[in-house]
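**Q** Taken in order, these protein sequences are the chains called A and B.
With positions in the first sequence counted from 1, the corresponding number in this note's numbering is that position plus 19.
With positions in the second sequence counted from 1, the corresponding number in this note's numbering is that position plus 4.
Hints were generated in silico from the structure; no laboratory data involved.
In this text, a Cβ means the ideal position worked out from N, Cα and C, and glycines have one as well.
Certain hints may be false.
[Unchecked claim] Which chain A residues stay away from chain B? Per the calculated CB distances, all over 10 Å, these:
id, residue
1, P73
2, I142
3, T143
[Stated by the list, open to error] List time: in silico SDA-like cross-link candidates among lysine to any residue, alpha-carbon distance up to 20 Å:
id, chain 1, residue 1, chain 2, residue 2
4, B, K34, A, A98
5, A, K27, B, L77
6, B, K34, A, Q92
7, B, K31, B, L77
8, B, K147, A, A64
9, B, K168, B, K147
10, A, K27, B, K182
11, A, K27, B, K31
12, B, K34, A, G35
13, B, K182, A, G35
14, B, K34, A, E93
15, B, K34, A, L81
16, B, K182, A, A98
17, B, K182, A, D34
18, B, K31, A, I89
19, B, K34, A, A95
20, B, K34, A, P79
21, B, K34, A, R88
22, B, K34, A, Y80
23, B, K34, A, T86
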Amino acid sequence: MRCEQAGKMMSARLDGHLDQKETSRLREHMASCGPCRVEWQKMEALDQLFRSVPMWDAPPYLHIQVTSRIERQERARRAIIGGMALAIGVATLGLLVLVPFALGLLDNLGVGPALVVGGLETITQLVLLFDVLSRTLLILLDQFAVPLALFGAVSLLMALMLNGLWIVTIRKLRVVR
Amino acid sequence: MPDSGDIEVPRSNCVTGEEEWIEAARKGDKAAFGCLVEAYQTPIYNLTYRMLHNQAEAEEAAQEAFIRAYRYLDSYDPGRPFSSWLFSIASHYCIDRLRRRRIDWLPLKEEIAEPVRLASVSPNPETVATDRDREAWIQELMKVLSPTDRAALTLHYWYDCSYKEIAEVLDLTVSAVKSRLYRARRSLAEQMEGEPYAL
């Protein structure tokens, strides 16, 4: 028997997974192998040591901390969902106000009736118009890339600040409640 | 400090059993989940402490394990022991945390530290006579183990988990568990200076 195999058998023996025949083979090996004998003594001592040490008791307030953290997270989730619902509501309201206005504007400019009356030719012209507009936009973007990037960064910063303010307000409201 | 090691008995307001608590907690009953936390707080805290070796981190990890359990309670299979499922969450969280800790520290040290030989905590009956000494020595010894070996050894010694149960908790095969336990024991034995002692 090789020492490596003997080591594995020692571990199995500590866990009670070695039958009598294997135990005898292991004993025979250890009787003739000093290092394995020492290793077995160490493993056995370690086994006793580990079995003698009890569990660590949890802090008495652990379950309170867990339940209050769950409460906090659920309130925050509710606040986020509430905030999103509010934002969607405001956007919908805005659209409800803006759409009739935009339709009225299109009618006044003659675009609406032209679309109804003009048919395919008007639609082709409109597509061409959009093509020109998008090309113009691309040129503008190319020209003003840096200021636009700055504007984007500032917008992002403001959005983050507003988000932070929103969270702080929600927390303060919770404390007051 | 360590105590008796038994699973803590739930308080008087938790009058029903584990299955009822799980069922109620799944329906959003936080009080029922609180009963589960009370019942398992000591085993889970002990596991996280044995893994992380730091009280503050262990407390945080135990809390996180319970919070994750609450969040993913719908994915719990009632055919499996709840304790195994909970141990699995806590073990994997601690393993990830230990791996992140290694990643955080290795670039700063720019070298892999050699395992510490425990000459200063020499294993003789005098120095390991008290629980405190034994604790300190065990914690020092376990530092040399990999996160998964540490988890396997903890589950084996403090929870009497069988090879199969450890395999289920750690997503390993039974033969992998045997190898890990052997490897862990061998590493620990190598840390012992001089002649072994008898307790």
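**Q** Evaluate each hint against the coordinates.
**A** To see whether the hints hold, each was checked on the structure:
1. P73: violated (4 Å)
2. I142: holds (51 Å)
3. T143: holds (54 Å)
4. B:K34 <-> A:A98: Within the cut-off at roughly 19 Å; holds.
5. A:K27 <-> B:L77: violated (38 Å)
6. B:K34 <-> A:Q92: holds (13 Å)
7. B:K31 <-> B:L77: Cα-Cα ~10 Å, so holds.
8. B:K147 <-> A:A64: holds (18 Å)
9. B:K168 <-> B:K147: Judged against 20 Å, a Cα distance of about 25 Å means the pair is violated.
10. A:K27 <-> B:K182: Measuring from Cα to Cα gives roughly 8 Å; hence the hint holds.
11. A:K27 <-> B:K31: Answer violated: K27 of chain A to K31 of chain B is near 47 Å, above 20 Å.
12. B:K34 <-> A:G35: violated (42 Å)
13. B:K182 <-> A:G35: holds (12 Å)
14. B:K34 <-> A:E93: It holds: about 11 Å lies between the C-alpha atoms, which stays within 20 Å.
15. B:K34 <-> A:L81: Holds - the C-alpha atoms of L81 of chain A and K34 of chain B are around 15 Å apart, at most 20 Å.
16. B:K182 <-> A:A98: Violated, at roughly 49 Å.
17. B:K182 <-> A:D34: holds (10 Å)
18. B:K31 <-> A:I89: holds (15 Å)
19. B:K34 <-> A:A95: holds (16 Å)
20. B:K34 <-> A:P79: holds (18 Å)
21. B:K34 <-> A:R88: Holds - the C-alpha atoms of R88 of chain A and K34 of chain B are around 11 Å apart, at most 20 Å.
22. B:K34 <-> A:Y80: holds (16 Å)
23. B:K34 <-> A:T86: Distance of about 7 Å is within 20 Å: holds.
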